[in-house]
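Asks: Going line by line, the protein sequences match chains A and B. Once you know that position 37 of the first sequence is 37 in the working numbering, the rest is easy, because the numbers rise by one and skip nothing. Once you know that position 623 of the second sequence is 623 in the working numbering, the rest is easy, because the numbers rise by one and skip nothing.
Read the hints as simulated data drawn from the structure, not as lab findings. Be a bit skeptical, because a hint or two may be false.
In silico contact screen, one side only, chain B against chain A (beta carbon under 10 Å); selected entries [unchecked claim]:
1) His156
2) Leu235
3) Lys246
4) Trp580
5) Ala689
6) Val699
Everything numeric in this text was worked out from a predicted model, so none of it was measured. Every residue, glycine too, gets a C-beta built ideally from N, C-alpha and C.
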Amino acid sequence: MSFLIPCPTCGPREVFEFRHGGELHHGAANLPGPQRERWYHRLGCRRWLIAVRDVRTNTVLETRRLEEGAP
Amino acid sequence: MTEPAAPAASTVTFRFEDRTVTAAPGQSIAAALYADGVRIFSRSFKYHRPRGLLCVAGECPNCLMQVDGRPNVRTCVEPAREGQVVQPQNVWPSLSFDVLRVFDYLDRFLPVGFYYKRFHKPRWLWPLFEHVVRHIAGLGVIDVNATPALDVEVEHLHTDVCVIGGGPAGLAAADSAAQAGAGVLLLERLPQLGGHLLYRGSSGPEETDALRGRLGTRVRVLLETTAFGLYEGNLVGAFRHDRLLKIRARQVIVCTGARQRPFVFHKNDLPGILLGDGALRLAHLHGVSPGRRAVVVADDSSGHHLPRELARLGIEVSAVVDASAYTPIEPTPWALLTGHVVVEAVGGRQVKGVRVAPLDTNGDIRTGEVQYIPCDLVCMAPRRVPANELLLQGGMRFHIQGGQWLPQNDVPGLAAAGGAAGVLDRSGQSLQGLLRGGEAAAALGYPVPELAMYRHDWEAWAARETLAARIIAFPQRDRNDRKRFICLCEDVTEKDLEQAVAEGFDNVETLKRYSTVGMGPCQGKVCGLTATEVCARLTGRDLNATGTTTSRPPAVPVELGILAADRRHQPVRRTPLHHWHEAAAAVWLDAGLWKRPESYGDVAAEVGAVRTAVGLIDVSTLGKIELIGPDAEELLDRVYLNRWSDLKLGRVRYGAMCTEEGILFDDGVGARLGPEHFYLTATTGNAEAVFQWLELWRVTWGLDVQIYHRTSALAAVNLAGPRARDVLAGLAALDVSAAAFPYMTVRAAEVAGVACRLLRLGFVGELSYEIHCPAAQAWHLWEALCNAGKPWGLRPFGVEAQRILRLEKGHVIIGQDTDALSTPLDAGLGGLVRFDKPLFHGREPLLRLRAFQSRTRLVGFTMADGGRLPAEGCQVVEDGAPAGRVTSIRHSPTFARALGLAWVPAERSQPGSRFFVRHGGVDLEAVVMELPFYDPEGRRLRS
Chain A
1 MSFLIPCPTC
11 GPREVFEFRH
21 GGELHHGAAN
31 LPGPQRERWY
41 HRLGCRRWLI
51 AVRDVRTNTV
61 LETRRLEEGA
71 P
Chain B
1 MTEPAAPAAS
11 TVTFRFEDRT
21 VTAAPGQSIA
31 AALYADGVRI
41 FSRSFKYHRP
51 RGLLCVAGEC
61 PNCLMQVDGR
71 PNVRTCVEPA
81 REGQVVQPQN
91 VWPSLSFDVL
101 RVFDYLDRFL
111 PVGFYYKRFH
121 KPRWLWPLFE
131 HVVRHIAGLG
141 VIDVNATPAL
151 DVEVEHLHTD
161 VCVIGGGPAG
171 LAAADSAAQA
181 GAGVLLLERL
191 PQLGGHLLYR
201 GSSGPEETDA
211 LRGRLGTRVR
221 VLLETTAFGL
231 YEGNLVGAFR
241 HDRLLKIRAR
251 QVIVCTGARQ
261 RPFVFHKNDL
271 PGILLGDGAL
281 RLAHLHGVSP
291 GRRAVVVADD
301 SSGHHLPREL
311 ARLGIEVSAV
321 VDASAYTPIE
331 PTPWALLTGH
341 VVVEAVGGRQ
351 VKGVRVAPLD
361 TNGDIRTGEV
371 QYIPCDLVCM
381 APRRVPANEL
391 LLQGGMRFHI
401 QGGQWLPQND
411 VPGLAAAGGA
421 AGVLDRSGQS
431 LQGLLRGGEA
441 AAALGYPVPE
451 LAMYRHDWEA
461 WAARETLAAR
471 IIAFPQRDRN
481 DRKRFICLCE
491 DVTEKDLEQA
501 VAEGFDNVET
511 LKRYSTVGMG
521 PCQGKVCGLT
531 ATEVCARLTG
541 RDLNATGTTT
551 SRPPAVPVEL
561 GILAADRRHQ
571 PVRRTPLHHW
581 HEAAAAVWLD
591 AGLWKRPESY
601 GDVAAEVGAV
611 RTAVGLIDVS
621 TLGKIELIGP
631 DAEELLDRVY
641 LNRWSDLKLG
651 RVRYGAMCTE
661 EGILFDDGVG
671 ARLGPEHFYL
681 TATTGNAEAV
691 FQWLELWRVT
701 WGLDVQIYHR
711 TSALAAVNLA
721 GPRARDVLAG
731 LAALDVSAAA
741 FPYMTVRAAE
751 VAGVACRLLR
761 LGFVGELSYE
771 IHCPAAQAWH
781 LWEALCNAGK
791 PWGLRPFGVE
801 AQRILRLEKG
811 HVIIGQDTDA
821 LSTPLDAGLG
831 GLVRFDKPLF
841 HGREPLLRLR
851 AFQSRTRLVG
861 FTMADGGRLP
871 AEGCQVVEDG
881 APAGRVTSIR
891 HSPTFARALG
901 LAWVPAERSQ
911 PGSRFFVRHG
921 GVDLEAVVME
931 LPFYDPEGRR
941 LRS
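Start from the sequences and build out the full structure, keeping to the hints where you can.
Replies: Next up, the structure:
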C-alpha cells in the first residue's frame, strides 16, 4: 500500500502519514469500487477527513474535511 | 546535473581464498579475478558443478561470493576495494576442488521435487535431513554475530518524471521530457550513462557524450542507483550505495534494456560459456579479455555483430553457429554454420569445445553430421528479450508478437521505451525514448510542440521494422543429455521440467513452485522465459497461452539492511523527569515510544514502601485531555460507558469506553473542573487514539466543545502510601485532610510553589494523590516531594512495582488483561455501563450480549501450590483443550504468593473454583479468588 491522499488542509501526502478510520457508514456494503472512508492526518494537521477511495486501485478520487459531511 | 564520477583511483589489492589479487581502477571483483586466471567462480546450488561468469551484469547467480563477511555479493558488479576479503560460498574445501561435486553424479537420485518425495517419511527424520540439506545446498553464510556495517539512510524524492535506465532510450526520454520543462530524475545502475552503447558498437563513447551533453543541467542524474521495485502509486524503490531511495514520480518511464539468456544444450553451464553481452562487458567495462578462441552461438541476425566485435578485441572467432537461416551480406573470415545448433559443450572444469549439428526441416538435429569445434570461449548471443520486471510489477502485460515480447496494455503514469519495450534497434530505441518522454511531459500538462514530430518519427520507424518469428533454438533433448540447464540458481534442468510437467505441474506457476525454476537469486532473469518456452513445447500450447510467472519486487537483490533504513529513526519520548530517573539508575522499560523507569533496582522494596510508608512514581506518560465547551458532558456521555453529566464540580470519576462493537477500548479518570470543563486521563498507550476518537465524534456529531491534547504539556506524579498525606501537608497550600480533600475529588493548589491539579485516586490501593503540573516545573516538584518525603521513608517506584500493586488491588489494565474480544460485561466492569443512557458507543451490541451467558470471565487467582509461576499468556486448559489464558501474574510481596488475572470458563469463575494452566508442557493447578485481593473494603485508599 503506497498511495497519496490529498489532505484538504496539507495537500497530497503519503498514506503512511494517515490513520484509516473505517468506512464512513458503519456496516456499509463493502463492494469493490469507490468507498467513502474516514482518515485522520496524524502526521500533519491532525484533522479527520473523508476520502472517496477506489478500493480496487487505491486511487483517492476525492477528499474533504469531515466537518463538510459526506460527498 | 550529473553527479561527478569518483576520481580514478590507482590499483587495489584484495584477498581471495589464500592469495592476494590486484585489480585495475574501476574493475569489479569478478573481472579482476578473471584477469587473474580464475574461471570457476562458484559451485552450483544442488550438484556443486563449477560455474563461471555468465552475464557480467549482476543478474545471474554465478559470481555470488562472501565479501568482507557479507553473503551473496554479486562480484561481477561489485567494485574491487583495497583490503577486501573475498571468499567463495557453498564449497568445501575450495572452489577448484569441491568434494560435494559428488552430487553431480548422483543426479538420478535427486529428481525434481526430491525433497517432497524422499524426506516426508518418517517424519522424525526430517530435522536431520533438513540439517544435512541446509549444509549441502545453499548460498552464503550470515554471520549472526556481526554488527551491522550498514549506516543506512532513507531519502524521499519527488519528481515529475522518473526515467529508469540511462541507455539510448532512457537518455532520449529524459531529454524530451526535460526539454518540455518537466522535472526529470534519471536513474542509472552503472557509474556512467550510456547503457549498451558503452560496450556494443564502435561509436559508443562519442554518442553517449553527445546525448549526455544534451541533458545538460536540466535532468538530475543519479548514477550507481539501482531501482528494485515499482510499487503502487508510482513509487520507485531504489538503492544507491548504502542509501534507500523512495522516489514518488508522477510519470515513470522504464528503459531497463533487453538481455540475452543462455541457449539450452548439454553442459551449457560450463565455465567459459558466457552471454555475448557478458563477454563484451568484461572487455569494455573492465578491460579484461574474455578468452582467446571463441565460438559464437546465435539464433538470428542480431548475433552476427558479435564476432566482428570479438575480432576487434583480438579474439579469434572459430565459428558462428546460427539456428536461423540468416546469412550476412558481407563475406566473413570465420566459419558460418547457419541452420546449426550446439548440441553439447565439451570440458570438465572449463569449456574446451562444442559439438554442433545441423537442423533438419522439422527442426530436429541431424545426428549423423555432428562436428566438433575446439574453443576456450562460447558466446551465446540470442535475440534479446525485454528486461521488463519493473514494468510487470507496474501492471504492464507482455505478449509475444512478431517474434518479440511486447507491451500489450496502457498503464496510466507508466511507460516503456527501448529494449524494455522489445525494441532492439538502436535508432528505434532513441525515437521511442523521445516519444515516451514527450508523452510523459504532455500528460503532466507541459506543452510539447514536438510531440507530433516524435510520434511521426517513431511510427515511421516502427512501420519499417519487422522481426522474423523467433526460432526456439533448442531441439528435442537426447535422452542422455541430462545437463541441459534452464535455471542456474536452483540447478533445474530441462529434464526436471519435463518430469514435473509429466507429473501434472503444467501451468507455469505450479511448474515454478514444484521445480523451483526461477526461485533463486536471479528471480527468473536467466530462466523465466526459457521455462515458459519449455512448458509451451511440452504442453502443446503457444507462448501467450502459456504465459509467464508473476514478477514481484525486489527485481534485484537488496540487502535487508537497506530495506531496514526506514526503521532507523524512531522517535523516543522522554518524560520531563527522565534525567532524574537516569541519575537514580533506573532500569528502563519501553512503553510505546516512551522510556519509563521499570524500577530503581529493588522492586520488592518499592512495593513495600508504598504499602507501609510512601512512594512516588512518574506518571507523566498518561494521556491528558482537556475538554471545554457547553457540549463537553454530552460528548463524554456518548463516548464513555458511564455517565459524566451528573458528575459534581470538583469530583473525579473512573470511566471506560468501548468501540462501536462493544469491545473495551480504554479507561481512565475524569474530573469536572467547571460547569463546561473536564479533565481526562487516558492510558499511556492509547493517549493519541483516545484524543483522535473524541475528536472524530466531536466533528461527526457537530458538538460545541474544544478538545485539547495536553499529554506533553503536563507532567504527572503519583504520591501514594499511608504517609502520602504527611508528605503533602508540608508542601501544599491546601487543607489535605480527608474531610477537606476526600477520595475521588480534584483540587487546584500550589505544591512547593508550583501550580498543580491534584486528584485523589487509588490505582495502587493506597491513599494517593496524582499531581499534575506544567512539564517545565516537574523536576522542581519531584525533588521537593522527595525531600519532604525523606523523613517518612519515601521511595521512588517504577512501573513494575506499580503493576504488582495494582494487581494486588485487582485493577484491570485494558490491553493487557483484555483483548479485541473483551467486553466490559465479561471483564468485571459491567457495573460501569449505564444502559439508561439513550446513546453511547457499544450500547447496542452490549444490550444484545447482556442477554447471553458469556463463556469466559476475567477472574483473580492464585496458584494451588506455591511452586512454579506460569508465564503471562499461558493457556488455561480444560480437558487438554485451551479454554482461556493468563493475562497478568506476579509474585506478590505483600501476600507472599502468586496473584494473577485470567480468563476462565464462566462455570469456573466462582471463588474457590480450580482450573489448570499449561506452562512448559506441565499443567499447574490454580484457584479462583475474590477480587480485589488487597483491602477489599477500600478503606486504605479512602483513608
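Asks: Next, verify each hint and record whether it holds.
Replies: Okay, the hints, checked on the actual structure:
For His156 (chain B), the suggested interface contact is upheld, since its CB lies about 8 Å from the closest CB of chain A, less than 10 Å. Interface restraint check: Leu235 (chain B) against chain A, minimum CB-CB distance 4 Å, threshold 10 Å, status holds. Using the Cβ-Cβ criterion of 10 Å, the hint placing Lys246 (chain B) at the interface with chain A is satisfied: the shortest such distance is roughly 9 Å. Because the beta carbon of Trp580 (chain B) sits about 30 Å from the nearest beta carbon in chain A, more than 10 Å, this interface hint is broken.
The beta carbon of Ala689 (chain B) is positioned within 10 Å of a beta carbon in chain A (closest approach about 9 Å), and the interface hint is therefore held. At its closest, the beta carbon of Val699 (chain B) sits 5 Å from a beta carbon of chain A; the interface hint therefore holds under the 10 Å criterion.
Going through the hint list in order, the structure does not satisfy hint 4, though it satisfies all others.
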